[in-house]
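Asker: Each protein sequence line maps, in turn, to chains A and B.
To get my numbering, take the position in the first sequence, counting from 1, and add 23.
To get my numbering, take the position in the second sequence, counting from 1, and add 26.
One side only, chain B facing chain A, incomplete, derived with CB under 10 Å:
id	residue
1	Tyr-90
2	Asp-124
3	Ser-243
4	Ser-244
5	Pro-277
6	Pro-282
7	Ala-307
8	Lys-312
9	Asn-316
10	Val-318
11	Phe-324
12	Ala-409
13	Ser-417
14	Pro-521
15	Glu-525
Calculated directly from the structure, the hints in this document are not laboratory data.
Owing to the predicted nature of the structure, the values given are computational and were not obtained by experimental measurement.
Cβ coordinates follow ideal geometry from the N, Cα and C atoms, glycine included.
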Amino acid sequence: MTPLSQLLPGQFGKLVSLNPDQAVDQRLMALGLLPGMALKLVRRAPLGDPLAIEFGGQVVSLRLAEAESLIVDVAADCPVQRPKNTP
Amino acid sequence: MSSKEISVALVGNPNTGKSTLFNALTGLRQKVGNYPGVTVARKSGRCDCGDGLKVELVDLPGLYSLAAASPDEQVVTDVLLGSLEGSHQPDAIVVVLDATNILRNLFLASQLAELNLPLALVLNQADIAHKQGLKIDTELLSQRLGGVPVVLTSAWKGEGISAVRRAIAEALNKKTKMTRLTWPSQVESALNTIVQTIEKDTGKAPSAADVQRILFSSNTHTSDRLGWSHSHRDAVVRQARDQVRAAGYNPLAAEPLIHYAHLRKVLEGVTVGGNGKQGNAAALDKVLLNRVVGPILFIGIMLGLFASVFWLAKFPMQWIQAGVDFLKAIVAPALAGTPMLQSLVTDGIIAGVGAFLVFLPQILILFLFVGILEDSGYMARAAFIMDRLFSWCGLNGKSFVPLLSGFACAIPGLLSTRTIEDPKARLATAFAVPFMSCSARFPVYALMCAAFIGPLYGPGWESVVMVGMHCVGLIFAVPTAFVLTRFVLKVKPQPFVLELPRYQMPKPRDVIWRMWQNAAEFISKAGTVIFAITIIIWALCYFPRDAQMSDRIKASEPTLSEHELQARTQAAMIEQSWMGRFGKAVQPVFDPCGFDWKITVGVLASFPAREVIVSTLGVTYSIGKGAEADSEHLRTAMQEAKWTDGPRKSTPIFSLAAVLALMVFFALCSQCGATIATLAQETGGWKWAAISFFYMTILAWVMAVVVYQVVIRLT
Chain A
24 MTPLSQLLPG QFGKLVSLNP DQAVDQRLMA LGLLPGMALK LVRRAPLGDP
74 LAIEFGGQVV SLRLAEAESL IVDVAADCPV QRPKNTP
Chain B
27 MSSKEISVAL VGNPNTGKST LFNALTGLRQ KVGNYPGVTV ARKSGRCDCG
77 DGLKVELVDL PGLYSLAAAS PDEQVVTDVL LGSLEGSHQP DAIVVVLDAT
127 NILRNLFLAS QLAELNLPLA LVLNQADIAH KQGLKIDTEL LSQRLGGVPV
177 VLTSAWKGEG ISAVRRAIAE ALNKKTKMTR LTWPSQVESA LNTIVQTIEK
227 DTGKAPSAAD VQRILFSSNT HTSDRLGWSH SHRDAVVRQA RDQVRAAGYN
277 PLAAEPLIHY AHLRKVLEGV TVGGNGKQGN AAALDKVLLN RVVGPILFIG
327 IMLGLFASVF WLAKFPMQWI QAGVDFLKAI VAPALAGTPM LQSLVTDGII
377 AGVGAFLVFL PQILILFLFV GILEDSGYMA RAAFIMDRLF SWCGLNGKSF
427 VPLLSGFACA IPGLLSTRTI EDPKARLATA FAVPFMSCSA RFPVYALMCA
477 AFIGPLYGPG WESVVMVGMH CVGLIFAVPT AFVLTRFVLK VKPQPFVLEL
527 PRYQMPKPRD VIWRMWQNAA EFISKAGTVI FAITIIIWAL CYFPRDAQMS
577 DRIKASEPTL SEHELQARTQ AAMIEQSWMG RFGKAVQPVF DPCGFDWKIT
627 VGVLASFPAR EVIVSTLGVT YSIGKGAEAD SEHLRTAMQE AKWTDGPRKS
677 TPIFSLAAVL ALMVFFALCS QCGATIATLA QETGGWKWAA ISFFYMTILA
727 WVMAVVVYQV VIRLT
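If we strip away everything but chain B, and leave its shape as in the complex, we get (with noise of 0.2 Å):
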């Protein structure tokens, strides 16, 4: 961005069809991006409003009020004060509203009036209005406004763009403002008082927008801004509410009392008729959010939802694994004269790409039914309805459908986390969310069961283990949450104040962008991540290399078929590898969990991919690479593995301790690159993805320890 290209905010209540408009506008040309240093994503496209003027559209995140409640708003708040590093103030503001509900929208214009700037009023969802028999004189309004222009739209059937672009053209050419409402006296004066202490106190008079911040919100971000923090300034702000008190009003309240009497006044003969119903919402509410058949027709959506993400997305998935392998299968001979490049290109590359790139169907898959539950407005009812399962530990209802996808991947659970407003809800479900049981610990519990609990206990104790261990990660995560939201995290708790829109029908340009972006992000940022985590492996299990160890082996085992002869060198190559070394160094760390070094290196491997670990155990035993979690050979090499030294000697290295030991190890453990480099770009930073990451591995293994060694002292 051109720090001389002309910016246009675009502002306004959630539900107003804001983002429906701005891809109207801006015709897909988008670029998406994150605010420097917050979470909060910046959208941006070029609009073009005729006569050569090309402008730099910015679709801020919708918002009630610039007293801003969370840091998400606060960031609304400093871009549109121009306040933001980084980011300059816009040279207009479009503010979209809700053509059925004028007045509620028409506070947040009334605050952004404050700011002084051009300004132009969008009247969205003109059709609907139109139905309920509502009529707009935007010509009065405009003209009660100060000539501020207004349009008319419905950007859902495309209706009234080009007025928006020319209006935009107005309001930057004839610097068009909205009138201000007058203050009543005590409260001007009141106002006054600050501006005066500040300008007296810092060498700068504040604007009017910041010094109303000042009095009328109750934290002091604004002046800490300004850099006001003299002794006085607490005593100045309780005199001027004092003040504002003795006019009648209570400071807290006067913003709103004030704007909505004044927004009366304005709107009187503006509107005529309508009847101020919600339309469809009262019907369809109350079926869909009836106490008996509204939560079955939410378990019905849930499942087709969860059925999607994770079975659905299997079959793209394999073409993606398919994919790759066949590219492997082309490049592999190409390189045979070069081992390690070979291996690079095959095992590093190749697979390094696939690594994220198969995260992309369930990441899709989930977005589209995000798009469509967000933009119907069913998403607030789901809301609703979970709710008081969630409230208690500190969540919401908006985490149900994150910690849903988690069982399927905790890849697109993460990413719809962003669908939560309250920034601390929004952090605790991220962090709960890699915990729920995902699909590739699956062929872990699978091993494990078939090898062993099935043979000794039979396939009914099978299915308990295999039910228990898809609730082991939901019985830690919940007090995880508890305590993470009640005791560590110090930002203030958001109010769960959640409009239930009108319910409307998704518009499929608005839905598929939607998933694309979430898509592109997932790529360019975890992608790179999870690229690199992949090649460190490959490098960590194929150096060093020792060029004369298949003719060793052959030399002292010369009966071996070629297949064995090559199961074995790899398992040999592994052993003295880097990753190989490591394992046995670190085996002592595990020895307390039952694992020996074979399992130990697996355990380690698996850290980027846990689903690795059945094909590192693979190699470690001496099968060969590409066993799956079916694999007979695999089986019944762990159940004939012992101990070959120390105490244990001779006993089986996998006893139903360790099995059972290995598998809560799998269950909580924080062994997923992706998820790992995601959490990192749905956070905005390292911090606590590495705190994810160190509290479930430790976790993982305390666990491990513990039902090692109390079953081992049962059995």
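Chain A on its own, in the form it takes in the complex (with noise of 0.2 Å):
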């Protein structure tokens, strides 16, 4: 389990947690990020800061600051997909 600012570009993890008193998980819960959704970080911004990460046939950018608290589990080989019903 590693924080999502961890991960490299190309690299795939699932959502293990994320804080919902946050307005940043707020609205990326909004947008379907759930845990247990599978992402990949597509890339980083030229300057390093924001992230591009695809989740849920989508690409949302978010800075490392906010994404801080947002943990997931580093998977060799996920693949990005409507994730399994989560509670």
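Both chains are sitting in their own frames, so use the hints and assemble them into the complex.
Answerer: Here it is, written out as structure tokens:
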């Protein structure tokens, strides 16, 4: 389990937890990024920040500092797909 | 809008092609205004739904969730709940969804279902879904959602528009409601607890949507609005949230978790196939967001944008100026018998209309670019590339285009701040834009450099000062934005979560329509203010009038040529005008900056438009009207000007210290009526316009004093 910011570009992961108290996380949840969801760190911006992540058929940009609360389980070859039902 | 007219709200996530659909449905018969008291644009238009049914269609800003995070989203939520003052709840809602990502788009629709209003779903961008091999069973979806009309469209191609009209009619006639989800029993009972308490406390049963906002959103906006502020409120909500927690949900995460779980079941078997990919985005992003190529392309695109606003716009601006001069030349002889009326019409009214028309080319060109950049999907990438440079001082990647345009002109720059979603970053950017060294400051620098820096220190220093002056504003704007966002603005900062949408060819109609709407709004709001300011300044410089002035000067100096006499008369006239008297009276204020009364009058007269300084100096230095920055006469007159009294008697007025102080003053001072009017228009009131005016003007004065006093001691 690592923070999302530790992922390398092109690496896949599965969201383990986020912090619903934070505005960033609330917005991401509205976009469908919920625990159990597979995601991919697509790239970093040329200056290293923000990040572009892909999940549920969309690419979303978020800042490193604002992505701290996102914890992912790094998977070797976990494809980005509609996740299994979560609670 | 009559109160009887049926109103239908168009709601959807950003990047769903909602505006294109709106334009297709209303055929450009649109009204653009603002919701009272807020800066959110209210776009509405007449939509014909067949069988004589005409409705007012309201295009609401795109949003992802009703759990409003930003004040702008709050406006949308308030409109839909019918709680915004001056607007009534829509009679039906049309939800626009991206057919390639129905699940995410249905989340908002599912929240909207809780409003219990007639509803129809439009799955837009069906052509792209089709291309991705995605098959959508709209009948099954409609059936699962309780019979709400579900239509497939491709607004970009103009396909399925009449189906949307029929769907609106059906929703209104049959009052089709979307099936609401069944909350888990503990959540349901938590909601009920709040309903019952509010009903007991306020005597009115709250709507289901309101109660959900109270339970699931961390702010108290909704309960405040319902007048539910009883002492036990927080305890009741906390208790209800504990119930949600007992069901295994974090209260702040419960809403998306439950909705998404419900929607996944709804969508089972509705969509088949599809690769779930962003289509062209991944391949294009590899190039456009590449570490090396990306920034190079970005700089190229932005240079093109800047060159167009800065250089290309000059031609139509010259035409407008020529048209204004031509009109003056025609009108002036006709009014020669009444000098006051002649001056009012030519220097007041015609000049006043010209004063705001001249901004149109830059506004239209910038919004052509902004429209193309936004609709193509590149704007989000530009923000992605630039965000790092701006985030530390409280701005964001979307601040770049407004600030860059500010170097050509603050007006289009300010108008383009509306592309920034975060209200805090938007206001801070709008505050920073007028600091950028716009093209109207250029003539002042050019005059001063050519007359003083060049001759005294050579062309090398002339360029250094020129470049330096263009940086002065930026140097002060950045800390200003930092302090403003960090310490002054109390609004919660919005997270910078930005969808990088798929690339799309912009639709010319949408782009051109947006250009026109922005220009029209500028003319009707800021234009009238600019016009009024021009008339007021004209009057201050014209009155009182001494009819015998010319004769008296002629009597005392009979040898003057006709041209010299005219120039001397104009100089004497402005000296005894209200503006001249005021300038002399406040000269002591500008004395520490090294300005004499002539410069002071020039400074004061150029508050409506800073480029006026050159021609005003032309008048006060008796060169006559119409002096240009490269005017040899003006340069000589200024080089020869000396203090006539006081401790600096017979030393040059334009010393190096005074020249630098004057340039720094012009770099920082808020001398543009159009900017103030546009700031007021864009920030929804005069408060921030006034703050900006006084802040910049006082800062300019302080820095001019510092520069003058330091340099005078060093030279």
